[in-house]
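From first to last, the protein sequence lines stand for chains A and B. Our numbering puts the last residue of the first sequence at 384; the count rises by one with no breaks. Our numbering puts the last residue of the second sequence at 443; the count rises by one with no breaks.
Because the hints were derived from the structure by calculation, they are not lab data. It is possible that some hints are incorrect.
What the hints assert, rightly or not - Facing chain A, from chain B, some residues (calculated, C-beta under 7 angstroms):
#1 Pro352
#2 Leu416
#3 Leu427
#4 Phe433
Said to hold, decoys possible - Chain A residues, not near chain B, derived (Cβ > 12 angstroms throughout):
#5 Val133
#6 Leu157
#7 Ala318
#8 Val335
#9 Leu342
Virtual Cβ for every residue (Gly too), placed ideally from N, Cα, C.
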Amino acid sequence: MKPLIDWLERRFNLTEMFSFLTNFGLFPTAVDTSRPLGEALSDALGRPLPSYARWPRVLGILSVVLFLFLAVTGVMLAFYYRPTPDSAYESVTTIVRDVSFGWFVHQVHGWAAIALVLILLVRLWRFFFQGVYKTPREALWIVGVLLFLVAIHADLTGRLLAWDNGGYWSTVRALEVLYSAPVIGPSLEFVVGGSEIDGNVLIRFYFLHVVVLPGVLLALLFLNFSGVRRVGLSPLPGDAADAGGGAAKFRVHLYNLLILLVVMFGVLITLAVLAPAPFEHEADPFSTPPEARPPWYLLASHGMLEAFPAIVPRWGRALLLEAVLAAILLLPFIDRSRGRKMPERRGVIAIGLVVLVLWLYFTWYGYRLEVAS
Amino acid sequence: MIAALALLAIAAAADPGNLCTLCHPDVRVAFEKSIHSSERVPCTSCHGGDSTASTVEGAHRGRFDPATDRRAVPALCGSCHSDVERMRPYNLPTDQLALYQTSSHGRALAEGDTSVAVCVDCHGVHEILAADDPRSPVSLRNIAGTCGRCHADDATNPLEAYAGSVHGLAVAREGNPSAPSCSRCHGTHGAAPPGVGDIEKVCGQCHATTRAYFLESPHKMAMDEAGLGECIACHDHHRVERASIDMLGTVCLQCHDDASEQVEMASQMMTLYTGAAEALDAARALVEKAGEVPLYIDDYTARLTEAHTFLLESLPAMHSLDLSHVESLTQRARSIGHEVSSEVGGKLDGRKWRRVGLLLFWFYLILTLALLGRFRARAARDSRS
Numbered sequence: 012m013k014p015l016i017d018w019l020e021r022r023f024n025l026t027e028m029f030s031f032l033t034n035f036g037l038f039p040t041a042v043d044t045s046r047p048l049g050e051a052l053s054d055a056l057g058r059p060l061p062s063y064a065r066w067p068r069v070l071g072i073l074s075v076v077l078f079l080f081l082a083v084t085g086v087m088l089a090f091y092y093r094p095t096p097d098s099a100y101e102s103v104t105t106i107v108r109d110v111s112f113g114w115f116v117h118q119v120h121g122w123a124a125i126a127l128v129l130i131l132l133v134r135l136w137r138f139f140f141q142g143v144y145k146t147p148r149e150a151l152w153i154v155g156v157l158l159f160l161v162a163i164h165a166d167l168t169g170r171l172l173a174w175d176n177g178g179y180w181s182t183v184r185a186l187e188v189l190y191s192a193p194v195i196g197p198s199l200e201f202v203v204g205g206s207e208i209d210g211n212v213l214i215r216f217y218f219l220h221v222v223v224l225p226g227v228l229l230a231l232l233f234l235n236f237s238g239v240r241r242v243g244l245s246p247l248p249g250d251a252a253d254a255g256g257g258a259a260k261f262r263v264h265l266y267n268l269l270i271l272l273v274v275m276f277g278v279l280i281t282l283a284v285l286a287p288a289p290f291e292h293e294a295d296p297f298s299t300p301p302e303a304r305p306p307w308y309l310l311a312s313h314g315m316l317e318a319f320p321a322i323v324p325r326w327g328r329a330l331l332l333e334a335v336l337a338a339i340l341l342l343p344f345i346d347r348s349r350g351r352k353m354p355e356r357r358g359v360i361a362i363g364l365v366v367l368v369l370w371l372y373f374t375w376y377g378y379r380l381e382v383a384s
Numbered sequence: 059m060i061a062a063l064a065l066l067a068i069a070a071a072a073d074p075g076n077l078c079t080l081c082h083p084d085v086r087v088a089f090e091k092s093i094h095s096s097e098r099v100p101c102t103s104c105h106g107g108d109s110t111a112s113t114v115e116g117a118h119r120g121r122f123d124p125a126t127d128r129r130a131v132p133a134l135c136g137s138c139h140s141d142v143e144r145m146r147p148y149n150l151p152t153d154q155l156a157l158y159q160t161s162s163h164g165r166a167l168a169e170g171d172t173s174v175a176v177c178v179d180c181h182g183v184h185e186i187l188a189a190d191d192p193r194s195p196v197s198l199r200n201i202a203g204t205c206g207r208c209h210a211d212d213a214t215n216p217l218e219a220y221a222g223s224v225h226g227l228a229v230a231r232e233g234n235p236s237a238p239s240c241s242r243c244h245g246t247h248g249a250a251p252p253g254v255g256d257i258e259k260v261c262g263q264c265h266a267t268t269r270a271y272f273l274e275s276p277h278k279m280a281m282d283e284a285g286l287g288e289c290i291a292c293h294d295h296h297r298v299e300r301a302s303i304d305m306l307g308t309v310c311l312q313c314h315d316d317a318s319e320q321v322e323m324a325s326q327m328m329t330l331y332t333g334a335a336e337a338l339d340a341a342r343a344l345v346e347k348a349g350e351v352p353l354y355i356d357d358y359t360a361r362l363t364e365a366h367t368f369l370l371e372s373l374p375a376m377h378s379l380d381l382s383h384v385e386s387l388t389q390r391a392r393s394i395g396h397e398v399s400s401e402v403g404g405k406l407d408g409r410k411w412r413r414v415g416l417l418l419f420w421f422y423l424i425l426t427l428a429l430l431g432r433f434r435a436r437a438a439r440d441s442r443s
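Just need the whole structure built from these sequences, with the hints factored in.
So, in structure tokens, the structure goes:
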């Protein structure tokens, strides 16, 4: 092994390559690119670790790992998938019925997608309540919001691909929500090619799902971890400012991460086996199932759009949604309170709590809409 | 005079060869809807007279016949419709008049009973439509009502009985062109009630398999000798209901004793059939469940279709009263149902191995976690020292 690495080392700058990869968060510290890979690694692994490099500062890493996992399982699915309305359902049936462990890859891909969106969302709430968006981490907040938005679009485009009735109608409902937003809606409609879900929309969703959105996600993850590398992990108000004085080393931190990842995969695989997502009959564009509702992350928007009295025009309600979204995106520049501690940000925290409660309420309301009818 | 000339001019402009409608506008309205109008049959071909004359006397001159004598109607219509040369371009049959003369209607008319149906009673007079025109009184959906105009007051009320029958509902609800209305069994122009010994022939026009089985059975000769109406003895005639296996529990008792071997055989056939039907239902439910998983079920659905064919054939086969044949058909259906159930059930059960696999996976997962925990502890110790 060593002679091979040495041989390669003389021909490629392995340390530089590895150093590039560390910008995607898998390795939480910079490496010395002037030294051979082995030396650089053992040097980096032996560096002391800030004592606060622990839960919950692992959500970013978890989302990278989930992204990689989704990429690998996605490639497996793409080996069999055919993105046309005539053969999409048949090809997915082949995957989940005839291919060995095809059902498993299909299910685990779906659950990993849910986990990714959920983790990115939890991460945003952590950023909010712990004041992580404060100077100098404003850009991290914006990147985090964008990561969440791109991830839900990646999830949404994936839901249509199986072309089963549930996925199809869930997409129809989701597009109804997205298209009603002024400016953003028509732009999306233009990109996707109209409000009718047909073969053109399917192949565009497919291309967005397997190439464009993963590429954007990867770029955003790179931005995120380059930013973290530059400004450092954020100590909590209670943490000691001991940037170099922690007891543990990166080696230990990596073991912690590994243990977390193994547990996460255990959970994903258990869910895939015990709680498989339904794969329904082929999509029927001419009969809306009564329980057709958008995916869970759009239920609140859907509920809010429907909750207003009829006198408020739909575009007006959607405009309010867009205003909320803009406020979230620009939060670091809107919240000018001085400190990061909760008592110093009472007003913002209160507004945040109200938004969280409203979000949960409208999610419930949006879910109930289709149950009632 | 000027006004009369103006009217004439209008009429002439409308239809220069036909001035009859000048005085008979109401007839014109009716006639112009008819197939005869679109085929340019003039008034004079039925009524005689002169359609180019502009006075009443002139128009009604010569061989003019208002055609009000019912007894003359069949021959009048037949003067064209029995003419092979004239009907050839329309590909219409020309035997209607001959058939009519053999019918109960025609024979009664010949004996002087003018209350029976003649051509115009069913087809209409001036407004006659093609028989396959859905608005025609003799089209599939309308003919029962047309016959019923006269035949509804019989003691048996055949119209009401037919309307509630499996045949009547198939025509009225589905417009099913294979389902019979009155004329399919009684004849159209040669309409007459079928005789007792002919009923299986009439029903057998559609129910050919059942008829073939029935002819093999001891029932055929026995029923003819007893003067029983073959099919209708069990199924009724106008009131035919959808045949069901439960009939074996009731209709046989009309002639046979409760304790007789015939009733015993009926209950055996019923048991054979319901057993096979239940086996197929169970198999179908399992296959459907497997399809939702999804598992590969195309082979099983094909086999169930085959089994269903055997089961369906056992129903006409029961009319032969050949228990062994019914048994072989129902047994084949049943055994296919059981085979499919056990194979699909096995495949569905196979899915529980996924859970066993999950348990094994967690075993290795916990092992891995323990190992990682040890490595982590060692790394932590090393970094402290």
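A quick look at each hint next to the structure:
Interface hint at Pro352(B): satisfied, since its Cβ lies 5 angstroms from the closest Cβ of chain A, which is below the 7 angstroms cut-off. With a least beta-carbon distance of about 5 angstroms to chain A, the hint placing Leu416(B) at the interface is held under the 7 angstroms criterion. The beta carbon of Leu427(B) is positioned within 7 angstroms of a beta carbon in chain A (closest approach about 6 angstroms), and the interface hint is therefore held. Annotation: interface hint on Phe433(B) holds; nearest CB of chain A at approximately 6 angstroms, less than 7 angstroms.
With a least beta-carbon separation of about 23 angstroms from chain B, Val133(A) lies farther than 12 angstroms from that chain, consistent with its non-interface assignment. Distance to chain B confirms Leu157(A) as a non-interface residue, since its nearest Cβ pair spans about 33 angstroms, more than 12 angstroms. Its beta-carbon lying about 35 angstroms from the closest one in chain B, Ala318(A) satisfies the requirement of being farther than 12 angstroms from that chain. Residue-level check passed: Val335(A) sits 40 angstroms from the nearest beta carbon of chain B, beyond 12 angstroms.
At roughly 37 angstroms, the least C-beta separation between Leu342(A) and chain B is larger than 12 angstroms, which holds for a residue marked as non-interface.
Hint compliance for this structure: no hint is broken.
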